[in-house]
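Trainee: Sequence:
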Amino acid sequence: MKQLEKEKFVYAMDKENEPAFHISSGEQVVVHTYDCFENQIQKESIEMDTLDWNRINPATGPIHVEGAQPEDVLKVRIDNIDLGDQGVMLTGPNLGVMGHRMEDFQVKVLPIENGKVVFDDKLSLPLNPMIGVIGVAPEGEGVNCGTPDAHGGNMDTKRITTGATLYFPVFQPGALLALGDLHAAMGDGEISVSGVEIPAEVTLTAEVLKAESLAYPMLEDDEGVATIVSKETLDEAVDTAVEMMIDRILPHVDMTTSELTMLMSAAGQVEVSQVVDPLKTARFFVPRYILDAYDIHLF
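According to the numbering used here, the residues represented by the sequence shown are 43 to 341, in order.
Hints in this document: simulated from the structure, not taken from any laboratory. Everything numeric in this text was worked out from a predicted model, so none of it was measured. Beta carbons: idealized from backbone N, C-alpha and C, even for Gly.
When the alpha-carbon atoms are kept at most 25 angstroms apart in a straight line, the in silico DMTMM-like pairs for lysine to aspartate or glutamate are as follows:
no. : residue 1 : residue 2
1   : Lys150    : Glu243
2   : Lys164    : Glu86
3   : Lys57     : Glu183
4   : Lys273    : Asp230
5   : Lys48     : Asp94
6   : Lys252    : Asp334
7   : Lys158    : Asp127
8   : Lys150    : Glu89
DEER-style ranges, computed between Cβ atoms:
no. : residue 1 : residue 2 : range
9   : Asp127    : Pro293    : 44 to 52 angstroms
10  : Arg143    : Gln84     : 25 to 33 angstroms
11  : Asp289    : Arg97     : 33 to 41 angstroms
All chains, full assembly: derive it from the sequences and hints.
Mentor: As structure tokens, this is what we get:
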């Protein structure tokens, strides 16, 4: 199987980036990633003035997927995530939701033992290996890997895990897929500005679909399907994610917009991905049983 090493990475998703790798549509590849700090933090006693903040969120890639063209959809199945043996967390002044109450930076190094994250001597957290940054080259100017948008990027969505399938709008030839910022665990919101940041190896399969184009990424897993939208405010992200989902489902059901809206209000779920990046990310999730009841196949 092809291997893409972590040393081939970008700090921005950009049509000007030279491909680090080429794969055929439907081909599987293993992608090695740094953590979001580019593995700069190895111990809790790090001097913060030695941390290079210009080296944040490296994304391995970009991967040129043969045959991908603007207005196509890039299907990316997450086949497996193998984590490193320790993660790190960081928070401090002006970072995250509580940054206004922080006087100093604090770092935690969190070992991964027996399938759990060791938070302290009293508590170990269940693993939820997930991809924080994953996306394609955007339509216009490049976007740094810390910012999410229509191309994906730093969506910090905990549903992006093993077994999930992502669907991205393609804006540039070859799509130019890149990914990084893996987490061993992260709560919805990522309120401290970091999850349990960790290096990893991601096995994925990328396939080009000549399907109806997307405005924003979508996700599908065993539990259902979600639209993922990033906007300046959480309200805008939620509204756009809901409307996008209704517009995607409406042609597949014998319902009025009003009826489908009522169904979504009764059974759909607004979920928060992250509230700490330059744009905020929300998702609207529809359970699998609704798709099955109406024989809905969105892709």
